[in-house]
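Work the whole structure out from these sequences, hints included.
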Amino acid sequence: MTGWILDPFRMRQRTGWTPARVTIAQLIALAAPVAVSLAERGAAQIAVLLTAALTCLIWELAFDLIRGRSLSLHTATVALIFAILVPAAVPAWQIVVAVSLGVVFGELVFGGRGYGIVSGAAAAVGFLVFSFTGTELAASSEIMALATLPGLVLLLGGGLVSWRNLVSVTVVLLIAGLVQNGSSGLLSVAVTAVFGVVFMIGDPVAGASTNPGRWVFGALAGVLIVLFDTAAGPAVAPAAVVFASLLASLFAPLVDHMAVALIVRRRRARHG
Amino acid sequence: MLIVLSGLKIDHTRLPEQRVEEGVAVTQVALIGADLPGLRPKLLCEQGERVTRGQAVFHDRANPDVVFVSPVSGVVDSITLGPRRSLSALVIRSEPDQPEPDPTAIAMTSAKEVRETLLAMGFWPAFLTRPYGRIPAPDAVPEAIFVTVTPDNPHAPDPRVVLEGQRDAFAAGLKAIALLTSGKVHVCQTPGADIAAGCGDRIRGAFFPDAPSSGLSGTHIHRLHPVDKDRSVWSIGYQDVAAIGKLVETGVHDFSRIVALAGPRAVQPRLLRTVAGANLQELIREETLPGSHGSPLCIVSGSVASGRQASWLGRYHQQITLLDDAAPQGRDSKRGLMTFFQRHSSQPAPLIPTAALEQALAFDVPVVPFLRALSVGDAEIADRLGCLEMVEEDVAALSLTCTSGADYGRMLRQVLDELAEDA
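Protein chains in written order, with the numbering used here: chain A, 1 to 272; chain B, 1001 to 1423.
Keep in mind the hints are simulated off the structure, nothing from the lab.
Quick caveat, the model's predicted, so the values are computed rather than measured.
Heads up, some of the hints might be wrong.
[Unchecked claim] Only part of the chain A face toward chain B is listed, based on derived beta-carbon distances under 8 Å:
#, residue
1, 11
2, 89
3, 115
[Said to hold, decoys possible] Sample of chain A residues facing chain B (criterion: CB under 8 Å; computed from the structure):
#, residue
4, 5
5, 14
6, 19
7, 22
8, 109
9, 113
10, 114
11, 176
12, 180
13, 181
14, 209
15, 263
16, 267
Here a beta-carbon is modelled for each residue, glycine too, at the ideal position from N, C-alpha and C.
The structure is reproduced here in structure tokens:
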């Protein structure tokens, strides 16, 4: 569809989110976790970060040139999330392969940011874990969890993650943690899960897009995290969050479909 | 943060002073095709012909009874047709020294008389149907009539100020249009004294608190009488009701309009009395501030959210907004890599679901699936989700809030036209 954009004068009245501003907000939200990962893992982490970022940039450039669009930097957020989740010991060629598969098949083939069906970062990390067995993802430390919080506040304040989604996934995780390990393990659950929940399950594009659907989507993601969790003790394995995000995203359209059917039925009842 | 959340630019320019002044007399007025989507005119006058105020100048080809009349006495200056034999503009040059048409005694005591009079006198186009937002068929009967006595944004005229001194005419107008329906006439207003009090059982005041979009008739209809393809209501603006009342009481055609002058380029934001279809260039000649950095003036008929850049005052508009136009950009201003970063796109950007979208629509509708249906022109899904309750102005805030920059109003009109053809 072409020629459907706003008049120039109304275009100038917009001050809200544009795709570029969303990307910038996400990059700012990711700044503290990236800094923590650099401090914790040292020089090897810089190599991971650069490899992932460069791979993303090349693919983004290629697709934008083919499609004749202006350059979007959204895949940079994919690179950052990826770099935070994978350990520094992963060989560079594995990073290139996994990130390429992730951004191309998670996002770019669908038309880029906003059109995909799964979170690009989750797809990239998922490819890495599946393709190269034995890869253990980096576990989140307390400092990393703390560093996620300012970003969480920023994204929540800007409406870039759905609070319904986050509340329902948190409730499910806490209940499961309480049942399995008692109240002593709850902090550990929160610390290990918060980064993945905010940046992968909270992705507004990959998640459900109706308000009732967001509650269900969050609960579904929470249940999947509990099912996939292989780590001993109360801690949540990072891979569990990744695969829960991927699988829940695939169910998001179905969840939305049912939510829409429900809303339409409610409308019919109201109209009489 | 608040600005980011709402997604709408907060207008810091002065609110118009709610005091009515006479606007400069304009020499040209026009009937604009942009106000009449999908209408094909059959012209009843020729270029250069002398017309009097209230004389029919064209009628709807599909419904010959729906006539459009000249708001002033004068000479037909030009007639331009648009694509597919639609009207682009019919311009009339007014001649102030022409004799005023004599008042005609009008009996409006039965539904049939009211209908015939409003049709013949050119007041029928004041009504808009919901669903579809079109001028009703001459024989249609609405389930209810909604009189919109609410400002749709803080810069619009305050209806209570505009109606001061016209309360009797307004009440007479309400009683006349109440004959057109067997249902209720909802007089939707801001909180305060009921301006429809004592007009009869079927004429009810409804109060809407001051909130974004609570001034739109779509919101009123959604709350009080939701419509679908089998249930139709009409809406009408309060100034048209007062004009109908004046017609009933005195037999005089009154096409004057009180509009708010607003925006950063207005010298003195206030209310002006002018005429429907007035030439905006003439009207605001003495009213504009020079632009900062010499930027040209952008005249908007209507509000920033739902108006249009225009040289004529729209039939349904009650506001003129004067803005800075973008400074013309030289072709050399962006070069090399920058052209790649900021390529001008004719396609909407992607839609990223944000919390602000949920607040920008005042309807019980799942916003993101609805916008996706509009973006792909899926009339069936849009209908299922409730697009028949909306017209362009209801989704104007969504267009400004969404990341895509798509004009959802135009997309909605496309879908509504498709549904209207099937109905």
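Hints and how they fare:
no. : hint : result
1   : 11   : 6 Å, holds
2   : 89   : 35 Å, violated
3   : 115  : 6 Å, holds
4   : 5    : 5 Å, holds
5   : 14   : 5 Å, holds
6   : 19   : 5 Å, holds
7   : 22   : 5 Å, holds
8   : 109  : 14 Å, violated
9   : 113  : 6 Å, holds
10  : 114  : 3 Å, holds
11  : 176  : 27 Å, violated
12  : 180  : 33 Å, violated
13  : 181  : 34 Å, violated
14  : 209  : 4 Å, holds
15  : 263  : 5 Å, holds
16  : 267  : 6 Å, holds
Hint compliance for this structure: hints 2, 8, 11, 12, 13 are not met, and every other hint is.
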